[in-house]
Amino acid sequence: MKNLLRLLRLVRPFAGEVAAATVLGVATVGSGVGLMGTAAFLIASAALQPSIAELQIAIVGVRFFGLGRGIFRYLERLASHRLTLRLLGRLRVWLYEALEPLAPARTLSMRSADLLTRAVADVESLQELYIRVLAPPLIAVIVAVGTGLFIGAYRLSLAVVFVGLYAAAGIGIPIAMHVLGTRNGDRLTRTRADLGAAIVDGVQGMADLLACGWGAAQRHRVKELSLCLVRDRERASRVDALGGAAMTFATHATVWIVLVIAIPTVRAGFIDGVGLAVICLVVMAAFEALQPLPAAANSLSEQLAAARRIFTIIDARPAVEEPAMPVPISGAPSPPALDIHGLEFTYPGSDAPALTGIGLALPPGRRLAVVGPSGAGKSTLAHLLLRFWDPTTGGILLAGRPLSDYGLDDLRRLIGALSQRIDLFTGTLRDNLLLATPEADIAAIEEAADRAELLGTIRDLPDGWDTWIGEQGLQLSGGQRQRLAIARVLLRDPKLLVLDEPTTGLDPVTEANLLRSLHRLMDGRTTILITHRLVAMEEMDEIIVLDHGRMVERGTHRELLAYDGLYRQLYEAQQLTLNSESGIRNSDFPPAPQP
Amino acid sequence: MQLDPRLVALVRTRSSPLVGAIVLGALGGITVVVQAWLLAHVIARVFLGEATRAQVATPLILLLGAITVRAVLSWAADAAATQAAAAVKHELRDRVFARLLERGPVAAGRERTGELVTTLTDGIEALDAYISRYLPQLALAALIPLTVAAVVLSRDLLSGFVLLLTAPLIPIFMVLIGRLADARSRRQWRSMSRLSASFLDTIQGLTTLKVLGRSRAQVEIIRRASEDFRSASMDVLRIAFLSSLVLELVATLSVAVVAVEVGLRLLHGRLDFEQAFFVLLLAPEFYLPLRRLGAEFHAGLAGTTAAERLFALLEAPAPTRPTITTAMPATPSIELNEISYAYPGDDNHGSAARSALSAVDLVIEPGEKIAIVGPSGAGKSTLARIVLRFVEPDSGRLTANGVSSQAIDPDDWRRAMAWVPQNPYLIADTVAANIRLARPEAGTDEIAAAARRALAEEFIARLPTGYDTAVGEHGTRLSGGQARRIALARAFLTDAPLLILDEPTADLDPRLQNELDVVLEELLAGRSALIIAHRIPTVTTADRVVVLDNGRLIDEGPHAELLERCDLYRRLVHSYGGDE
Numbered sequence: 004m005k006n007l008l009r010l011l012r013l014v015r016p017f018a019g020e021v022a023a024a025t026v027l028g029v030a031t032v033g034s035g036v037g038l039m040g041t042a043a044f045l046i047a048s049a050a051l052q053p054s055i056a057e058l059q060i061a062i063v064g065v066r067f068f069g070l071g072r073g074i075f076r077y078l079e080r081l082a083s084h085r086l087t088l089r090l091l092g093r094l095r096v097w098l099y100e101a102l103e104p105l106a107p108a109r110t111l112s113m114r115s116a117d118l119l120t121r122a123v124a125d126v127e128s129l130q131e132l133y134i135r136v137l138a139p140p141l142i143a144v145i146v147a148v149g150t151g152l153f154i155g156a157y158r159l160s161l162a163v164v165f166v167g168l169y170a171a172a173g174i175g176i177p178i179a180m181h182v183l184g185t186r187n188g189d190r191l192t193r194t195r196a197d198l199g200a201a202i203v204d205g206v207q208g209m210a211d212l213l214a215c216g217w218g219a220a221q222r223h224r225v226k227e228l229s230l231c232l233v234r235d236r237e238r239a240s241r242v243d244a245l246g247g248a249a250m251t252f253a254t255h256a257t258v259w260i261v262l263v264i265a266i267p268t269v270r271a272g273f274i275d276g277v278g279l280a281v282i283c284l285v286v287m288a289a290f291e292a293l294q295p296l297p298a299a300a301n302s303l304s305e306q307l308a309a310a311r312r313i314f315t316i317i318d319a320r321p322a323v324e325e326p327a328m329p330v331p332i333s334g335a336p337s338p339p340a341l342d343i344h345g346l347e348f349t350y351p352g353s354d355a356p357a358l359t360g361i362g363l364a365l366p367p368g369r370r371l372a373v374v375g376p377s378g379a380g381k382s383t384l385a386h387l388l389l390r391f392w393d394p395t396t397g398g399i400l401l402a403g404r405p406l407s408d409y410g411l412d413d414l415r416r417l418i419g420a421l422s423q424r425i426d427l428f429t430g431t432l433r434d435n436l437l438l439a440t441p442e443a444d445i446a447a448i449e450e451a452a453d454r455a456e457l458l459g460t461i462r463d464l465p466d467g468w469d470t471w472i473g474e475q476g477l478q479l480s481g482g483q484r485q486r487l488a489i490a491r492v493l494l495r496d497p498k499l500l501v502l503d504e505p506t507t508g509l510d511p512v513t514e515a516n517l518l519r520s521l522h523r524l525m526d527g528r529t530t531i532l533i534t535h536r537l538v539a540m541e542e543m544d545e546i547i548v549l550d551h552g553r554m555v556e557r558g559t560h561r562e563l564l565a566y567d568g569l570y571r572q573l574y575e576a577q578q579l580t581l582n583s584e585s586g587i588r589n590s591d592f593p594p595a596p597q598p
Numbered sequence: 002m003q004l005d006p007r008l009v010a011l012v013r014t015r016s017s018p019l020v021g022a023i024v025l026g027a028l029g030g031i032t033v034v035v036q037a038w039l040l041a042h043v044i045a046r047v048f049l050g051e052a053t054r055a056q057v058a059t060p061l062i063l064l065l066g067a068i069t070v071r072a073v074l075s076w077a078a079d080a081a082a083t084q085a086a087a088a089v090k091h092e093l094r095d096r097v098f099a100r101l102l103e104r105g106p107v108a109a110g111r112e113r114t115g116e117l118v119t120t121l122t123d124g125i126e127a128l129d130a131y132i133s134r135y136l137p138q139l140a141l142a143a144l145i146p147l148t149v150a151a152v153v154l155s156r157d158l159l160s161g162f163v164l165l166l167t168a169p170l171i172p173i174f175m176v177l178i179g180r181l182a183d184a185r186s187r188r189q190w191r192s193m194s195r196l197s198a199s200f201l202d203t204i205q206g207l208t209t210l211k212v213l214g215r216s217r218a219q220v221e222i223i224r225r226a227s228e229d230f231r232s233a234s235m236d237v238l239r240i241a242f243l244s245s246l247v248l249e250l251v252a253t254l255s256v257a258v259v260a261v262e263v264g265l266r267l268l269h270g271r272l273d274f275e276q277a278f279f280v281l282l283l284a285p286e287f288y289l290p291l292r293r294l295g296a297e298f299h300a301g302l303a304g305t306t307a308a309e310r311l312f313a314l315l316e317a318p319a320p321t322r323p324t325i326t327t328a329m330p331a332t333p334s335i336e337l338n339e340i341s342y343a344y345p346g347d348d349n350h351g352s353a354a355r356s357a358l359s360a361v362d363l364v365i366e367p368g369e370k371i372a373i374v375g376p377s378g379a380g381k382s383t384l385a386r387i388v389l390r391f392v393e394p395d396s397g398r399l400t401a402n403g404v405s406s407q408a409i410d411p412d413d414w415r416r417a418m419a420w421v422p423q424n425p426y427l428i429a430d431t432v433a434a435n436i437r438l439a440r441p442e443a444g445t446d447e448i449a450a451a452a453r454r455a456l457a458e459e460f461i462a463r464l465p466t467g468y469d470t471a472v473g474e475h476g477t478r479l480s481g482g483q484a485r486r487i488a489l490a491r492a493f494l495t496d497a498p499l500l501i502l503d504e505p506t507a508d509l510d511p512r513l514q515n516e517l518d519v520v521l522e523e524l525l526a527g528r529s530a531l532i533i534a535h536r537i538p539t540v541t542t543a544d545r546v547v548v549l550d551n552g553r554l555i556d557e558g559p560h561a562e563l564l565e566r567c568d569l570y571r572r573l574v575h576s577y578g579g580d581e
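Chain order of the listed sequences is A and B.
Here the first sequence is numbered in the numbering used here, starting from 4 and rising by one per residue.
Here the second sequence is numbered in the numbering used here, starting from 2 and rising by one per residue.
FYI, nobody ran anything at the bench for these hints, they're computed from the structure.
Glycine included, every Cβ here is placed at the ideal spot set by N, Cα and C.
Among the hints, a few may not be true.
[Claimed, not checked] Computed cross-link-like contacts, EDC-like style, restricted to lysine to aspartate or glutamate with a CA-CA straight-line distance of at most 20 Å: (1) A/K226 with B/E126; (2) B/K370 with B/D518; (3) A/K5 with A/E305; (4) A/K226 with B/D430; (5) B/K370 with B/D544; (6) A/K5 with A/D318; (7) A/K498 with A/E542; (8) A/K226 with B/E92; (9) A/K498 with A/D408; (10) A/K498 with A/D526; (11) B/K370 with B/E523; (12) A/K226 with B/D123; (13) B/K370 with B/E522; (14) B/K370 with B/E504; (15) A/K226 with A/E237; (16) A/K226 with A/D197; (17) A/K226 with B/D95; (18) A/K226 with B/E103.
[What the hints assert, rightly or not] Far from chain B, some chain A residues (derived; all Cβ distances over 10 Å): (19) K5; (20) V26; (21) I134; (22) A179; (23) M328; (24) W392; (25) V555.
[Claimed, not checked] Some chain A residues near chain B, calculated using beta-carbon distances under 8 Å: (26) A106; (27) V123; (28) G218; (29) A244; (30) L262; (31) R270; (32) L389.
Produce the entire structure from the sequences given, and follow the hints as far as they go.
Listed below in structure tokens is the structure:
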């Protein structure tokens, strides 16, 4: 109920449009009722052979309702779809605004679990809140009241019988269908998810399955689940069929009951024969408004589930909070010093700290490398520097002040961050470059691209800066993506760099080229380079080695190699690697697709 | 009209429930006529004949009977139609999945998994509405109006003509307007899915936007994009909805015309009330099936779209299985003779076919350990795929002890091999089930033994429920090193004479590497092996090293010899640190 109210609050700004669409919906069904009522009146009156003048009004009525129904239906569909689309736009903004403060600390885990894809799909199903859930009962109630009043004008008892039966059918049948369908529906959802997982395993894991001789077994498993799904669906369809038949029966049985009760009143002279014909057809036509109700009951429970999923996501508390009085950052004229002391961090829900006892001082303009085997806590350190999370204990001082003193956007504008994963957005190359600095002019863009060694590539493209990126667009190689990201950083000219595995996944030739660009980028900036690739380490002023969240070694490349520790082991293991990914003989082929 | 001939052919093989549904639906149409006649009769007798309730008791009871029969027939028709869909859906799903398996993992790797899963679950379910609702409705839209028209014609010629003349207007206008709106609404659908994809992009890229300090500025962009899309959509909908406008107008205006025309003749005594009222009751029933067909239009569209995709998957070429098979030798000597292979191009993405192996000769003798090296893209993985028969060579001969692979069933062939890939796949099941894949009949103790030998026991014991912990898509995520140990446990359990192994390129923790080296040594003992090598210790201990470049085997021999004579090999071995 709470979720439903919260959901309705989202529709509130559109109250006027909801009213307009509902009125048109009522007018549509009402025209159907009116058409049958006036037609019955016309025919029944004509049978008494009055003068034609007495039938004129009825004839006009029949024509009006005959014409009106189509037009009202058309207008109603336009109004309700307009509302749906506006609702979608509003829901998207709403979801985005709710997620924005949660990112990235809360959304990183959601992303891997596909929760975000789910949320986007849920928003798309919620756009139909009016059309599928709100409109059917609203229209049904208004039609019931209107038709009841009309019949009541003839005879109150008939109106009471009609409204009672109408309400019983309109409430009882959807509820009964929902109850009958829910358990099966849950099973169906589970079966479909299992079948989906079995198919994913069969497709993505096909090589492993076939190599293990498991192909036939997997086919059998898919077949079994398919059979379950088909059976579940059959059961669901049988419930639907039952509901449809029940609605048909309710419609005509109500007409029949009203007829049986009305016949003596005609004999008694309370209503005339014309009224009998009119009432029967009006009752029949009014049931049209109940047809969409069973589907609306199912939609309601689906949409409530969707809303619940979204609310759970967005009700999370942001991991970091904006300071009440942010310290202004004044143009940042010189590279800042960085000071980390007694740093410890434990991820929420984990019992072991990801980082502990980290302390170091980085003077302005110096270069620090953070290395270690995977899982040592290197990326966690980068995330803390970007203030995705706040440390559990200890702190990070930037230019002498805690990170939490700065405004979040200010802080992130001050830091140039590069990571292994570069997100590009649908749009042109220029859009993607301007993302960080919309005010930059073309000269600045070209200069940044030139320094990132990307300008040549872009000039060679037929559409140049207007080349489309994204679905059906240009596919950039890993190296090109990184260069685009470097150009983005250059445009902003940050004084602190946090580079998180910027060369992972690149072949050594590309890596060497990119490192050259990166080292130029580091000039005059305080830099933290996080990497497991021990390449060009002699360029760094200091190296710290992390292992299981602790700083185990620190020093320069030379010092650490001389000391027989983890750094030397890592270095030697790297020396034992073949150059096979280096593209020494530059083949024209991309790597073979992975099965 | 949306009919896919291949789908119709498939439905025809099990058409009896569908025919049943149509017959039941048509019978329902007859009860509708009977019901209308009884209702008109009762009202006429009460209205003009001044009958009491007792006098019309018989027709009233018959009327209730007709109403009940109508509801039962409607239920039975729907239930029968559901059955027709069930068999077709099940068969189609099994056949498409079987075809995917036949085409092998390389072909499957080119499909987008998400789209494939949707096609095989929801896509096939879309056929349900198509078969169980759209197809019978198509037949009923012809049958019921004809029945009703025949009855009306027999009672009142003029009204019958009104119905028969207006009916064709509905399909004609719907097709005309449909054509007009179709291209535009398709385009609009595409831009809708693009907008949705770009919204997802933005949300998934929130981290980047945040790092750039631009996340809040996106709100306005999202708002504007939604607003633009809305106004563009409304332009399309204004036309698309015209078809329903025409449908409603024709249906309701015709009823109005019948009512007025009948009423006027009644006035002049040229028709009696009962006939007139009967015709009025029948007129909406005449149009109802056509309107229902209009409502199922989307089911028809979704069904044909899904069918297109499913039949494309079903008709994709797959290698033929041998009809007469020879058994795979127990300790095979595998020989590749002039093997060539090219990956097929993809018209959808405009990529051309590219050659991966050209005329490669290689023999793997029992007990021999062979390392394959070469720059990336040289054909190392393709060579392994050929030996595993994940792809069939374009030319050349693959034999085991002289028997052509063409004569050996691929499943039987692979029984002689264990495969440890770079990134082993874990199915969505328990740890035990993931190891058991390698030998379905293995007991718990055998699985534990295999895990112990793969040094996986320790981390499995630390999982929440040990061997019963769910892993894979919705379960606990295992690290790369852990997944690798599961794959090694599988290999121990398979106990196959030939091991095909892809060394990890991702830098492991050196301490972990040392542990895995010990495991590997035990696994290799007494087996032949084909190893895609990435580390120097592997090539120095192999019996023979094979050097690939650009799909050609350019040299082979022991490490020391190759170091002497092969230029490319020397460069592969010399690490970039430059210590050697």
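Hints, one by one, checked against the model:
1. A/K226 with B/E126: holds (15 Å)
2. B/K370 with B/D518: holds (15 Å)
3. A/K5 with A/E305: holds (15 Å)
4. A/K226 with B/D430: holds (17 Å)
5. B/K370 with B/D544: holds (5 Å)
6. A/K5 with A/D318: With a Cα-Cα distance of about 14 Å, the restraint between A/K5 and A/D318 holds, given a limit of 20 Å.
7. A/K498 with A/E542: Distance ~19 Å between A/K498 and A/E542 Cα, so the pair holds.
8. A/K226 with B/E92: holds (9 Å)
9. A/K498 with A/D408: Judged against 20 Å, a Cα distance of about 18 Å means the pair holds.
10. A/K498 with A/D526: Roughly 10 Å between the alpha carbons, so the hint for A/K498 and A/D526 holds.
11. B/K370 with B/E523: Holds. B/K370 to B/E523 sits at ~13 Å (cutoff 20 Å).
12. A/K226 with B/D123: holds (16 Å)
13. B/K370 with B/E522: Holds, because 11 Å separates the two Cα atoms, which is no more than 20 Å.
14. B/K370 with B/E504: Holds: B/K370 and B/E504 sit about 14 Å apart, inside 20 Å.
15. A/K226 with A/E237: Satisfied, since the Cα-Cα distance of roughly 16 Å is no more than 20 Å.
16. A/K226 with A/D197: holds (12 Å)
17. A/K226 with B/D95: Since the Cα atoms of A/K226 and B/D95 sit roughly 6 Å apart, the hinted pair holds (cutoff 20 Å).
18. A/K226 with B/E103: holds (16 Å)
19. K5: The assertion about A/K5 holds, with a minimum of 25 Å to chain B.
20. V26: holds (18 Å)
21. I134: Non-interface label stands for A/I134: nearest chain B Cβ at 13 Å, farther than 10 Å.
22. A179: holds (14 Å)
23. M328: At about 19 Å from chain B, A/M328 clears the 10 Å cut-off, so the statement holds.
24. W392: holds (13 Å)
25. V555: At roughly 13 Å from the nearest Cβ of chain B, A/V555 sits farther out than 10 Å, so the non-interface label holds.
26. A106: OK, holds: A/A106 within 8 Å of chain B, min 4 Å.
27. V123: It holds, given that the least Cβ distance between A/V123 and chain B is near 5 Å, below 8 Å.
28. G218: holds (5 Å)
29. A244: With a minimum Cβ separation of about 3 Å from chain B (threshold 8 Å), the hint on A/A244 holds.
30. L262: With Cβ-Cβ at 7 Å, under 8 Å, it holds.
31. R270: OK, holds: A/R270 within 8 Å of chain B, min 6 Å.
32. L389: holds (6 Å)
Checked against the numbered hints listed earlier, the structure breaks none of them; every hint is satisfied.
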